[in-house]
Amino acid sequence: MLTLECPYCGVMADETELTPGYEAHLKRFGPGSTDEEFEAYMFARKNPKGVHFERWRHAYGCGKWFLAARDTATLEVFGTYPAQSSAPPQALQDKIKAKRPDWKGYK
Amino acid sequence: MKRYSAFALAREALTNHLGWERAWANPAPKASYDVIIVGAGGHGLATAYYLGKNHGITNVAILEKGWLGGGNTGRNTTIIRSNYLQDSSAAIYEKSRSLYETLSQDLNYNAMFSPRGVMMLAQTHHEVRGYLRTAHANSLQGVTTEFISPQKVKELCPILNIDGPRYPVLGALWQARGGTGRHDAVAWGYARACSAMGMDIIQNCEVKGVTSANGVVTGVETTKGRIGTRKLGIVVAGHSGQVADMAGFRLPVEAVALQALVSEPIKPCMDVVVMANTVHGYMSQSDKGEMVIGGGTDGFNNFTQRGSFHHIEETLRALIETFPIISRLKMLRQWGGIVDMTGDRSPIISKTPLGNCFINCGWGTGGFKAIPGSGWAMADLMARGEPGPLAEAFDMWRFKEGRFIDESVAAGVAH
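Chains A and B are the protein sequences, given in the same order.
Under my numbering, the first residue of the first sequence carries the number 1, and numbering increases by one thereafter.
Under my numbering, the first residue of the second sequence carries the number 1001, and numbering increases by one thereafter.
In isolation and in its complexed conformation, chain A is listed as follows (with noise of 0.2 angstroms):
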């Protein structure tokens, strides 16, 4: 089972807590964009095989949304951050170049 730790509430919490939220970072786009815009911000998913960031909540513990930032090929979790970032911390994006040398960044 999948365990994120809550970076708010600071609780160990395992998946059966959580509600997943699918991908992070994302820029929104609304009235006023292009098609190819709108439809990249509302479908185009990044849907890696390997560094991914992720929306959770910590829905059955203290409700905050939050981020985290795990592997989709071997199931490992790097950390997890406010949902309050624009970016992964970059101590977090450091430690995940150093484990994934190849990895591209997060954009």
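To be clear, the hints were calculated from the coordinates, so they are not data collected in a lab.
A few of these clues could be false.
[Unchecked claim] Stretch by stretch, here's where chain B covers chain A in the computed footprint (C-beta under 8 angstroms, at least three residues):
1) 8–22
2) 49–55
3) 73–86
[To be verified] Capping the alpha-carbon separation at 27 angstroms, the derived lysine-lysine pairs in DSSO-like fashion look like this:
4) K99(A) / K1208(B)
5) K46(A) / K1351(B)
6) K107(A) / K1400(B)
7) K27(A) / K49(A)
8) K1030(B) / K1224(B)
9) K1208(B) / K97(A)
10) K49(A) / K1224(B)
11) K1053(B) / K1065(B)
12) K64(A) / K46(A)
13) K104(A) / K49(A)
14) K107(A) / K1208(B)
15) K99(A) / K49(A)
16) K1053(B) / K46(A)
17) K49(A) / K1065(B)
18) K1208(B) / K104(A)
19) K104(A) / K1030(B)
20) K46(A) / K1400(B)
21) K46(A) / K1065(B)
22) K49(A) / K1053(B)
23) K107(A) / K27(A)
24) K1400(B) / K27(A)
25) K1002(B) / K1030(B)
26) K49(A) / K1400(B)
27) K1208(B) / K49(A)
28) K27(A) / K95(A)
29) K107(A) / K97(A)
30) K1208(B) / K1065(B)
31) K1330(B) / K1351(B)
[What the hints assert, rightly or not] Here are the computed distance ranges between Cβ atoms for each label pair:
32) Y8(A) / K1154(B): 47 to 55 angstroms
33) E23(A) / E1386(B): 54 to 62 angstroms
34) M12(A) / K1224(B): 42 to 50 angstroms
35) E23(A) / K1002(B): 47 to 55 angstroms
36) A87(A) / T1124(B): 55 to 63 angstroms
37) G63(A) / E1264(B): 36 to 44 angstroms
Virtual Cβ for every residue (Gly too), placed ideally from N, Cα, C.
Since chain A is already given, all that's left is putting chain B on it; use the hints.
Leaving out everything else, chain B in the frame of chain A:
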């Protein structure tokens, strides 16, 4: 290829079964082909088969990174039905179901299609309205389904508990011509027929890159070297996004795990397929006597072909309430497959931004039932370069243009 028949069986019985041929050849790749299909699962093999049978294109290679039929074709719960709400879905799934009816004769290989009937239980008033609507839509589409009473449900499947306190059975959408098939035999039958037409099925050959010139595909880089091609079909289910990335475009798909399991074998106790979408579990009994069980997908992106245990627990909890007699059954095997889910939960059979490169993906949790129809439509698209009536609604640009085939809303669950 020697035909399988009662006569052949009798002949071999007299000669110690030493005369059977290998079902398909195991060739080394040639330098180039007219068509390369990536992925020797059911959909890829069916595509190749109908390219040969319907369009006379037989200079074809089917590349498989693992073993033939070892992906989702060998990992599903073998349910075959076509009771969809949207017209374009009903058309392709019904084509597929009707091809299954004669598949064994067509391939000269026993695919064990068993039209035992599929019932989808209505356990809330919302579901009753939904399935009534689907039954009406199906009658307009020429798909034979009917909405049946709880008494009829009990008659067709006596082991069902229709008086559950929380989710009593209020009726069901019944498709008498739906059923199950033998998943491996579908892959093997298509493979044997493709090989007999002179196509090359190349296993343990992983595609590592797609080469192109002037916006048109020219070949693939594989673990067995470069292979040239005039047309490329990507039919790889869970890894569609990865192969599309090699071809230089992005797909609206996400890969998640879907699990299934079987119980220890027991005596025959149900001869229909039952799907309970509100509590989210489905079950049928295999010829070996195992109860074949499936449920919903796991909730996060995953490429590991295994899922989380609590999803199995949730599925079984739902099914024990629905079928109380299975509560003491031991579960024998459990496995997972990686399914590619699109934004509207409908598949993609489409041209792509790369010339002469075509994609067939996004079958999500319901690909097995679609194998013959999907192959038929994909072969048509690849042979003519333009989609035919079965495929035209399923292009990959519908997400940009808002032409969804919204089966996720119609079904209420992944399916």
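Now the hints, each set against the structure:
For the segment 8–22 of chain A, the assignment as covered by chain B holds, since 5 residues bring a beta-carbon within under 8 angstroms of that chain's beta-carbons and 3 suffice. Note: the segment 49–55 of chain A has 3 residues with beta-carbon separation from chain B under 8 angstroms; the three-residue rule is met and the coverage holds. Residue count for the segment 73–86 of chain A with a Cβ under 8 angstroms from a Cβ of chain B: 3. That meets the three needed, and the coverage hint holds. Taken as a hint, the K99(A) and K1208(B) pair is honoured in the structure, with Cα atoms around 23 angstroms apart against an allowance of 27 angstroms.
The hinted pair formed by K46(A) and K1351(B) meets the criterion: a straight-line CA distance of about 20 angstroms does not exceed 27 angstroms. A C-alpha spacing of about 22 angstroms is found between K107(A) and K1400(B), which places the hinted pair at or below 27 angstroms, so the restraint holds. A distance of roughly 21 angstroms separates the Cα atoms of K27(A) and K49(A); the hinted pair therefore holds under the 27 angstroms criterion. Simply put, K1030(B) and K1224(B) have alpha-carbon atoms about 10 angstroms apart, close enough for the 27 angstroms limit, and the pair holds.
For the hint linking K1208(B) to K97(A), the alpha-carbon distance of about 23 angstroms falls within 27 angstroms, and the restraint holds. Taken as a hint, the K49(A) and K1224(B) pair is honoured in the structure, with Cα atoms around 22 angstroms apart against an allowance of 27 angstroms. Under the criterion of a C-alpha separation no larger than 27 angstroms, the hint pairing K1053(B) with K1065(B) is consistent with the structure, at around 25 angstroms. Proximity of K64(A) to K46(A) is assessed by CA-CA distance (about 24 angstroms); at most 27 angstroms being required, the pair is judged to hold.
A hinted pair counts as satisfied when its Cα atoms are at most 27 angstroms apart, and K104(A) with K49(A) qualifies at roughly 12 angstroms. A distance of roughly 22 angstroms separates the Cα atoms of K107(A) and K1208(B); the hinted pair therefore holds under the 27 angstroms criterion. Pair hint K99(A) plus K49(A) holds up; C-alpha atoms about 15 angstroms apart against a cutoff of 27 angstroms. Restraint check for K1053(B) and K46(A): the C-alpha separation of about 37 angstroms exceeds 27 angstroms, so the hint is violated.
Taken as a hint, the K49(A) and K1065(B) pair is honoured in the structure, with Cα atoms around 16 angstroms apart against an allowance of 27 angstroms. The straight-line distance between the Cα atoms of K1208(B) and K104(A) is roughly 18 angstroms, inside the 27 angstroms bound, and the hint therefore holds. Between the alpha carbons of K104(A) and K1030(B) the distance comes to roughly 35 angstroms, so the proposed pair goes past 27 angstroms and is violated. At most 27 angstroms may separate the alpha-carbon atoms for a hinted pair to count; K46(A) and K1400(B) meet this at roughly 16 angstroms.
Note on K46(A) and K1065(B): the hinted pairing holds, with a Cα-Cα distance of about 22 angstroms set against a maximum of 27 angstroms. With a CA separation close to 36 angstroms, the supplied pair K49(A) and K1053(B) exceeds the 27 angstroms bound. A hinted pair counts as satisfied when its Cα atoms are at most 27 angstroms apart, and K107(A) with K27(A) qualifies at roughly 11 angstroms. With a C-alpha separation of about 17 angstroms, the suggested pairing of K1400(B) with K27(A) holds against the 27 angstroms cut-off.
Note on K1002(B) and K1030(B): the hinted pairing holds, with a Cα-Cα distance of about 25 angstroms set against a maximum of 27 angstroms. Under the criterion of a C-alpha separation no larger than 27 angstroms, the hint pairing K49(A) with K1400(B) is consistent with the structure, at around 24 angstroms. The suggested pairing of K1208(B) with K49(A) holds, with an alpha-carbon distance near 14 angstroms, which does not exceed 27 angstroms. Annotation: proposed proximity of K27(A) to K95(A) holds, straight-line Cα distance about 24 angstroms (limit 27 angstroms).
For the proposed pair K107(A) and K97(A), the alpha carbon gap of about 14 angstroms is at most 27 angstroms, so the pair holds. For the hint pairing K1208(B) with K1065(B), the CA-to-CA distance comes to about 10 angstroms; that is within 27 angstroms, so the pair holds. Among the hinted pairs, K1330(B) with K1351(B) is inconsistent with the structure: their alpha-carbon atoms are about 46 angstroms apart, more than 27 angstroms. Take Y8(A) and K1154(B): their Cβ atoms lie about 50 angstroms apart, and the range 47 to 55 angstroms holds.
At roughly 33 angstroms, the beta-carbon separation of E23(A) and E1386(B) lies outside the given 54 to 62 angstroms, and the hint is violated. Checked against the hint of 42 to 50 angstroms, the pair M12(A) and K1224(B) passes, with Cβ atoms roughly 45 angstroms apart. Checked against the hint of 47 to 55 angstroms, the pair E23(A) and K1002(B) passes, with Cβ atoms roughly 52 angstroms apart. For A87(A) and T1124(B), the hinted distance range of 55 to 63 angstroms is not satisfied, since their beta carbons lie about 43 angstroms from each other.
Taken as a hint, the range 36 to 44 angstroms holds for the pair G63(A) and E1264(B), whose Cβ atoms sit roughly 42 angstroms apart.
Violated hints, in rising order: 16, 19, 22, 31, 33 and 36; the structure is consistent with all others.
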